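Asker: What follows is the residue order along each chain.
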Amino acid sequence: MAKLYLIRRNLETFAGPMTLSEMKEAYKRMQFGLQDEVAGHCGPWVVFENLTAVKKHYPEIARIVNEDMLAGWGISDHNARLINEDTRRIEVRRVRGAGLAVTFLVIAVVAFAAAIYMANGSHLSGKAKGQQGFISPEEPQALLDRGDHAGFEAYMDEHAGEMVGRIVRARKPELQWLPYLRYYAFQHDGVVNGLPPKYLRGGVATAAPIDCSLKMWHRRWRASIKSWNDLIVQRKLPLAHWARILAWDPYWIRRRDNRGWIGTQNFYVGCLTMANHAMADLLADPSLVSTAADWDRMGATKIKQRLQWLLEMARDGRSSVPTAVTAGNNLSIWTCFEAAHDVKGLAKCRDGTAGSTALDPWQAYNDERYAFNLLRLAVTETAPLPSDLAAALAQQTQRIGKSDHFTRFDYRSELKLLHNLTQTGGGATEKAAAKATSEGGTGRTTH
Amino acid sequence: MQVRMIGATDVGRRRKNNQDSLYYDELAHFGIVADGIGGRNGGEIASSMAVNGLRKAFLNSERIRHEEINPFLIGSIDKMNAEILERGHREPEVLGMGTTLNCLMFVGDRLHLAHVGDSRTYLYYKKHLFQLTLDHSVGNFLERGWLPRSAVQPGAKEGALVRAMGLAERCEVDIYEMELKPGQLFLTCSDGLTGMVEDRKIAQLIAENLDQFEKLPRVLIDEANAGGGKDNITVLLSHVRG
Numbered sequence: 001m002a003k004l005y006l007i008r009r010n011l012e013t014f015a016g017p018m019t020l021s022e023m024k025e026a027y028k029r030m031q032f033g034l035q036d037e038v039a040g041h042c043g044p045w046v047v048f049e050n051l052t053a054v055k056k057h058y059p060e061i062a063r064i065v066n067e068d069m070l071a072g073w074g075i076s077d078h079n080a081r082l083i084n085e086d087t088r089r090i091e092v093r094r095v096r097g098a099g100l101a102v103t104f105l106v107i108a109v110v111a112f113a114a115a116i117y118m119a120n121g122s123h124l125s126g127k128a129k130g131q132q133g134f135i136s137p138e139e140p141q142a143l144l145d146r147g148d149h150a151g152f153e154a155y156m157d158e159h160a161g162e163m164v165g166r167i168v169r170a171r172k173p174e175l176q177w178l179p180y181l182r183y184y185a186f187q188h189d190g191v192v193n194g195l196p197p198k199y200l201r202g203g204v205a206t207a208a209p210i211d212c213s214l215k216m217w218h219r220r221w222r223a224s225i226k227s228w229n230d231l232i233v234q235r236k237l238p239l240a241h242w243a244r245i246l247a248w249d250p251y252w253i254r255r256r257d258n259r260g261w262i263g264t265q266n267f268y269v270g271c272l273t274m275a276n277h278a279m280a281d282l283l284a285d286p287s288l289v290s291t292a293a294d295w296d297r298m299g300a301t302k303i304k305q306r307l308q309w310l311l312e313m314a315r316d317g318r319s320s321v322p323t324a325v326t327a328g329n330n331l332s333i334w335t336c337f338e339a340a341h342d343v344k345g346l347a348k349c350r351d352g353t354a355g356s357t358a359l360d361p362w363q364a365y366n367d368e369r370y371a372f373n374l375l376r377l378a379v380t381e382t383a384p385l386p387s388d389l390a391a392a393l394a395q396q397t398q399r400i401g402k403s404d405h406f407t408r409f410d411y412r413s414e415l416k417l418l419h420n421l422t423q424t425g426g427g428a429t430e431k432a433a434a435k436a437t438s439e440g441g442t443g444r445t446t447h
Numbered sequence: 448m449q450v451r452m453i454g455a456t457d458v459g460r461r462r463k464n465n466q467d468s469l470y471y472d473e474l475a476h477f478g479i480v481a482d483g484i485g486g487r488n489g490g491e492i493a494s495s496m497a498v499n500g501l502r503k504a505f506l507n508s509e510r511i512r513h514e515e516i517n518p519f520l521i522g523s524i525d526k527m528n529a530e531i532l533e534r535g536h537r538e539p540e541v542l543g544m545g546t547t548l549n550c551l552m553f554v555g556d557r558l559h560l561a562h563v564g565d566s567r568t569y570l571y572y573k574k575h576l577f578q579l580t581l582d583h584s585v586g587n588f589l590e591r592g593w594l595p596r597s598a599v600q601p602g603a604k605e606g607a608l609v610r611a612m613g614l615a616e617r618c619e620v621d622i623y624e625m626e627l628k629p630g631q632l633f634l635t636c637s638d639g640l641t642g643m644v645e646d647r648k649i650a651q652l653i654a655e656n657l658d659q660f661e662k663l664p665r666v667l668i669d670e671a672n673a674g675g676g677k678d679n680i681t682v683l684l685s686h687v688r689g
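Heads up: the protein sequence lines correspond to chains R and G, in order.
Residues in the first sequence are numbered from 1 upward in steps of one, following the working numbering.
Residues in the second sequence are numbered from 448 upward in steps of one, following the working numbering.
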C-alpha cells in the first residue's frame with residue numbers, strides 16, 4: 001500500500017490523506033501552499049517551507065518539494081552554498097604575455113566582424129549588443145547614475161537573460177550583476193526569469209521568506225484570508241509568513257546592510273513592496289467580495305495600512321499613515337510602538353495592550369515589542385541615555401532577547417551597541433556605534 | 448454520512464477518581480471528551496461542567512446551519528469557560544480548576560472539531576494514523592515560536608498547558624474542519640491513553656481490532672493500563688461508514 005500523507009492548512013482544515021503523486025497534483029491545483037504542514041503515518045507535522053525538517057522526517061517529500069513544488073519558485077535547500085554577497089566591482093586584471101596576445105586577437109576579430117557588418121549597411125542592433133561578451137556592469141550603472149530609468153529598464157529587458165546565464169550557468173558566477181537584477185526584479189514582480197529566488201534573497205536576509213515574488217504573495221494573502229482576523233482581532237500569532245511580515249520592525253530593516261543592492265533597497269524592502277502590491281491587487285479583485293466594507297470586515301484594509309506604514313518607514317524613514325491605536329486593530333499597537341518618539345509615547349501605546357494573562361502569547365509578544373522599541377530609542381542616542389529611558393530599559397532587561405522570536409530578526413548588534421552605551425556611561429561615540437554595527441554585519445551602506 | 452460512535456472511560460491504575468468526562472450521541476453524530484485539571488475534585492467538576500454545558504447547548508439548539516457550527520462551538524465553549532471560572536472564584540476549594548476539551552460534530556460530509564488543551568483527536572485511515580490536533584502545551588508553543596521564552600517560568604514543564612478551559616477569561620479554541628470519507632476512523636482520547644501507549648501501537652491495535660469496533664475502546668484502555676495506567680483514560684471512536 002502506498003504511503004499516505006495528510007496536509008493541514010492554516011491549522012484549520014485538512015487535505016488528504018493522499019499519496020505523493022496526489023500531493024503534487026493537489027499543489028498544482030493550489031489546494032495547499034508551502035506555508036502549510038504535512039504529516040505522515042505517526043509522524044510530526046512539518047511546514048513544507050522548512051526543508052530541513054521535511055528532509056529529516058519525510059525525505060521522500062523533500063525531493064518533490066525541491067523538484068516539483070518549488071521548481072516554479074526556485075527555492076533552495078538549507079544546505080545550499082551561500083552566495084558571496086560581496087558584489088563589488090571586479091577590477092579588470094592586467095593581462096600579460098600570452099593572455100594579452102589572445103585578448104588583442106579577440107578584439108581584432110570582433111572589430112573586424114563589426115566592420116564587415118556595418119559595411120554591409122547595417123548598424124549593430126540591440127540584439128547583437130546583447131550577445132555574450134558585449135555587456136558590462138558599467139552600462140546599467142551609468143544609466144542609473146544618470147537617472148535614466150527608462151533606459152535602465154530597456155537595457156535590463158534586453159540583457160537580463162544574459163546576466164542570469166552568467167550567474168546561474170557560469171562555472172564562476174558573475175555576482176556583480178546581482179544588484180541590477182535585484183533592482184529590476186523588485187521594480188516589477190519580484191522575479192527574474194531563470195534566476196532562482198535564492199539569488200535574489202542572498203544569504204543575509206534569512207528572516208525573510210526565500211520567495212518574495214508578487215505571485216507568491218498573491219498566494220499567501222489568498223490562502224490566509226480566513227486567518228487575518230486571528231491576528232488583527234483575536235490576539236493570535238499565526239506562524240506564517242503573511243503574519244510575520246506584518247510584525248517586521250522597519251527600523252531594524254533600515255539598520256541592515258544593503259551591500260549587493262541599489263539605493264535604499266534591500267531584500268526586506270523588496271519583500272514588503274511585493275506584499276503591499278499583492279494586497280492592493282487583492283483589494284481590487286471584485287470576484288472575492290462584493291463591497292469594500294467586506295474587505296474592511298475581513299481585516300484587509302488594516303493589513304494594507306500596516307504594510308504601507310512598514311514599507312514607507314523601511315524604505316524612506318517616514319510615512320503619513322495614521323499611527324494611533326484603534327479599537328479592534330491589534331496591528332495598530334505595533335505601528336503605535338514604532339511611531340513613538342520617547343518612553344512616554346511607548347508607554348501610552350502599551351496601555352492599550354493590557355488585560356490578559358501572563359501566558360497569553362499575544363500579550364507576551366507585545367511586551368517584547370515594547371522592549372525592542374525601547375532598545376530602538378536607545379541606539380539612536382549618542383549622549384548619555386535620558387534617565388527615563390535608562391530606567392525603562394533596566395526594567396525590561398529580561399525581555400530583550402537576542403532575537404525577536406516571532407519575526408526572527410536578530411538584535412545582537414543593537415544589544416552590543418546598548419552595551420557600549422551603558423558601559424561608557426552613556427557616552428557612546430559614533431565610532432563605537434559604527435564598530436558595533438559593522439561587527440554584527442549591520443552597517444548600512446549604499447551601493 | 449453514517450457515523451458509528453463508541454466510547455469508554457476508565458479511572459486507570461493510579462488515580463482515585465476519574466477526572467475525565469465523556470459524552471457521545473451516535474444518532475446526533477456528536478461527541479465530547481474532556482480531561483479535568485486541578486486538585487481535589489476540581490478537575491472532575493470542570494470536565495463534567497464543560498461536557499454537560501456543551502451537551503445541553505447542543506440539545507437545546509435549533510437546527511444549526513453549516514456556517515453557524517463553528518460560531519456555535521466557540522460561543523458554547525466561551526460560555527462554559529466563564530462558568531468554570533466563576534465557580535472557581537465562588538468556591539475557593541476548586542479555584543484554579545480547568546479542563547481540556549475535544550468536541551466533535553459530524554454534519555453532512557464534514558467533521559467540525561473544537562479543541563482546547565492536550566486531549567487529542569487522531570485520524571486512522573488505511574492503516575495510517577495522523578494526529579489532527581495540536582497539543583496546547585508549553586513545549587509546542589515554544590517550538591513554534593508562539594510563546595517567547597521570557598514568558599515561561601524557569602523550570603516550567605514542556606507538557607504544561609498553555610490553553611485550557613478555566614485558565615483565563617479568554618479561552619482560545621482551535622476549530623478544525625475535515626471532509627469525511629468512508630473508512631475514516633476518528634480516535635478522540637485523553638492523555639491517559641497517549642501518555643501510556645505510543646502512536647504506532649495505537650495504530651496497530653486499531654488495525655488488529657477494527658472488525659470488533661465495539662470492543663476497540665476497551666482494547667485501547669487495557670493497553671494503557673498494561674503500560675502503567677498513570678492517568679484516567681478516555682477513548683471515543685467515530686467510524687465513518689459512508
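Do not rely on the hints blindly, as some may be mistaken.
Mimicking DSSO-like on lysine-lysine, the simulated pairs with C-alpha atoms at most 27 Å apart in a straight line are [as the list claims (entries may be wrong)]:
no. : chain 1 : residue 1 : chain 2 : residue 2
1   : G       : K463      : R       : K3
2   : G       : K628      : R       : K56
3   : G       : K628      : R       : K24
4   : R       : K348      : R       : K304
5   : G       : K463      : G       : K662
6   : R       : K56       : G       : K463
7   : R       : K56       : G       : K574
8   : G       : K662      : G       : K573
9   : R       : K198      : R       : K28
10  : G       : K604      : R       : K402
11  : R       : K56       : G       : K662
12  : R       : K55       : G       : K463
13  : R       : K236      : G       : K604
14  : G       : K604      : R       : K226
15  : R       : K236      : R       : K416
16  : G       : K526      : R       : K236
17  : G       : K573      : R       : K226
18  : G       : K648      : R       : K28
19  : G       : K574      : R       : K24
20  : R       : K3        : R       : K24
A few chain R residues that don't get close to chain G, going by computed Cβ distances all over 10 Å [stated by the list, open to error]:
no. : residue
21  : K28
22  : R219
23  : P361
Because the hints were derived from the structure by calculation, they are not lab data.
These figures come from a predicted structure and were not determined experimentally.
Glycine included, every Cβ here is placed at the ideal spot set by N, Cα and C.
Asker: Could you tell me which of the numbered hints above are not met by this structure, giving the numbers in increasing order?
Answerer: The structure breaks hints 1, 2, 6, 11, 12, 14, 15, 17, 18 and 23; every other hint is satisfied.
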